[in-house]
Every structure is written in C-alpha cells, then in structure tokens.
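Positions 169 to 448 (the working numbering) are the ones given, in order, by the sequence shown.
Keep in mind the hints are simulated off the structure, nothing from the lab. It cannot be assumed that every hint is accurate.
Unchecked claim - Taking CB as the label site, the calculated pair distances span:
id, residue 1, residue 2, range
1, R379, K234, 24 to 34 Å
2, K224, Q406, 37 to 47 Å
3, R299, R418, 45 to 55 Å
What the hints assert, rightly or not - Okay, derived cross-link-like pairs now, DSSO-like style, lysine-lysine, Cα gap no bigger than 27 Å in a straight line:
id, residue 1, residue 2
4, K234, K249
5, K392, K195
6, K209, K174
7, K224, K174
Cβ atoms here follow ideal geometry from the backbone N, Cα and C, with glycine treated the same way.
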Amino acid sequence: MTIHGKWTLVTGASSGIGEQFARQLAKQGSYLVLVARSQSKLESLASELRKRYGIKAEVIPMDLAKEGAPSELYRQCQLLKVDIELLVNNAGFATHGLFEEVSGERQHEEVMLNVAAVVDMTHLFLPDMLRRSSGAVINVASTAGFQPLPYMAVYGATKAFVLSFTQALWWENRNRGVKFFALCPGSTDTSFFNVVGAEEASVGKKDTPERVVEVALRALEEGKLYVVPGVQNYFGAQLSRFITRKQSLRLVGSMLRPRKGSGNNKNPGNQSDLAGRTIR
Numbered sequence: 169m170t171i172h173g174k175w176t177l178v179t180g181a182s183s184g185i186g187e188q189f190a191r192q193l194a195k196q197g198s199y200l201v202l203v204a205r206s207q208s209k210l211e212s213l214a215s216e217l218r219k220r221y222g223i224k225a226e227v228i229p230m231d232l233a234k235e236g237a238p239s240e241l242y243r244q245c246q247l248l249k250v251d252i253e254l255l256v257n258n259a260g261f262a263t264h265g266l267f268e269e270v271s272g273e274r275q276h277e278e279v280m281l282n283v284a285a286v287v288d289m290t291h292l293f294l295p296d297m298l299r300r301s302s303g304a305v306i307n308v309a310s311t312a313g314f315q316p317l318p319y320m321a322v323y324g325a326t327k328a329f330v331l332s333f334t335q336a337l338w339w340e341n342r343n344r345g346v347k348f349f350a351l352c353p354g355s356t357d358t359s360f361f362n363v364v365g366a367e368e369a370s371v372g373k374k375d376t377p378e379r380v381v382e383v384a385l386r387a388l389e390e391g392k393l394y395v396v397p398g399v400q401n402y403f404g405a406q407l408s409r410f411i412t413r414k415q416s417l418r419l420v421g422s423m424l425r426p427r428k429g430s431g432n433n434k435n436p437g438n439q440s441d442l443a444g445r446t447i448r
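Working from the sequences, and respecting the hints, build out all of it.
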C-alpha cells in the first residue's frame, strides 16, 4: 500500500515498537497522528520527525484504557480533518504474578487497553476506510497469543483475543480494499519488562524494535495474515500445536513462575504506553 502523503495513527507511540512505527512510516512520507499518555515525549518525537522528513504530525495525549477514550480520539481526528489510512493499534501492557494477587484494578485496565480499545478503535475507523475502499489496520498481538500463560493469565488471554479478532477481520475484509494484519513479536528490547516488574517474563533473545517494525511493514506489503519476527520465536509460537495442552502449560509455567522477591504487581504501578510488550 502507498502511505506517502497519507495519515497513519499510532497508539502507544511514545517509545518502543510504537515509536519505531512512527519513525519508519515518517521515513516513507506518511503523515502521523501520535497517541500516548505522555504529551512531552510525543511532542518531542513529532517535532523531530517533522524536521527530518518534512511530514505533518499531530499529537493527541490520551489514556486509551479510559472508558470512552477511543470515541474522543476519533472525534479529535475528525476535528483535525484527517482521514486515517493506516491504523496501528499498538498500546498495551502486561501484569505478572498469581492471578488473585495482582491488582484487580490493574488487570481491568489491562483488558480495557489491550482488548476493548483495540475493538473500539477498529470499529470507529474501519467504516471510513471501507467507504474509500482503501486502508489497513495493524494490531500488535504477541507470541503470547498462541498459548495460555500461567502467571500472566490476563495478558496472554488479551493477546489471544487480538490475534483471533484480527484474523477474523482479515477474512471479512479481504475483498473490500482494507488490509488487516497481526504483528506477533517475541521478547523485544523495550521498557516493557521494567513495567511488568519481572525479567522472567522475557523469554529468549530480545529482538530490537527497529527490526520488529521492519518485518511488520514488509509482511503487510506482502499481504500476510500475521507475522512472528525471528525463526526461534516462530517455532516457539507453533510448539503448542505439537504437544499436549498440559505439556505446554508445564513448559510455559516453569519459565514464567515468579522468582522469590521479584514482586507480583500487587501495586498497580505505572502503565506502559508501549506495545513493546509481548512475552514475546
């Protein structure tokens, strides 16, 4: 798809994978609507990309985990008179620990951002794309979406939802001019694991946000349904197809079991604006 001179909206754009989407799309000449909670980071990034690539960039600071936030974001885009050609649903975060010990409020926010916001954003922006018979939606899922995650139960379930949701809409819209694509990274070198509060949530060698986004944009151009960057990550994601569910749970659970003294997120902590996220 041609993105030069057209508008892309990136959520979770202040750092990590979201920031890389903004940088690489700006390099291709895309105009940008950057969304995250941190206005100062967004303003700094937008200013840099305007100067470097001569693009237009709008900043909308917003917490998409809040009820009604996607609708307000869509309204602001209408006021700005921007038609979104590419929607990148990237914002999200994870929690780690025994389910009953993790803050219930925090896990509710996790579902609101990782699931509800993705559904609402897609439902709001898709009709405009269909009217033009042109556009694309990238949803950042994770290798976490391919199997249940003991000690990260809510996060794994949200990513399984995103993967299933995206694949279903890929089929519905395959002949209507709008592309759908799921990015499923493994461990990625962002501040995701600092926010989660557990380094054991990182599995395997960490990829770079730059390479993850390069792979994603190439796969979108090729019309792929989803992509798992990295050979090791790909085979890891497919492993659950060849072993029993109990074997899969035993393997993943042993890797993600909280270490003594590592913390379990009883304190809600700081929400991530990244989708650097995946257990990737």
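Does the Cβ-Cβ separation between R379 and K234 fall within 24 to 34 Å? holds, 32 Å
Is 45 to 55 Å a correct range for the gap between the Cβ atoms of R299 and R418? Check passed, 49 Å falls within 45 to 55 Å.
Run the distance test for K224 versus K174: straight-line Cα separation, threshold 27 Å. holds, 10 Å
Assuming the hint says 37 to 47 Å, is it satisfied by the Cβ distance from K224 to Q406 or not? holds, 41 Å
Is K209 within 27 Å of K174, Cα to Cα? holds, 23 Å
Please work out if K234 and K249 have their alpha carbons no farther apart than 27 Å. holds, 24 Å
Does K195 sit within 27 Å of K392, going by the straight-line distance between their CA atoms? Cα-Cα ~22 Å, so holds.
Violation of the numbered hints given earlier is absent; every hint is satisfied by the structure.
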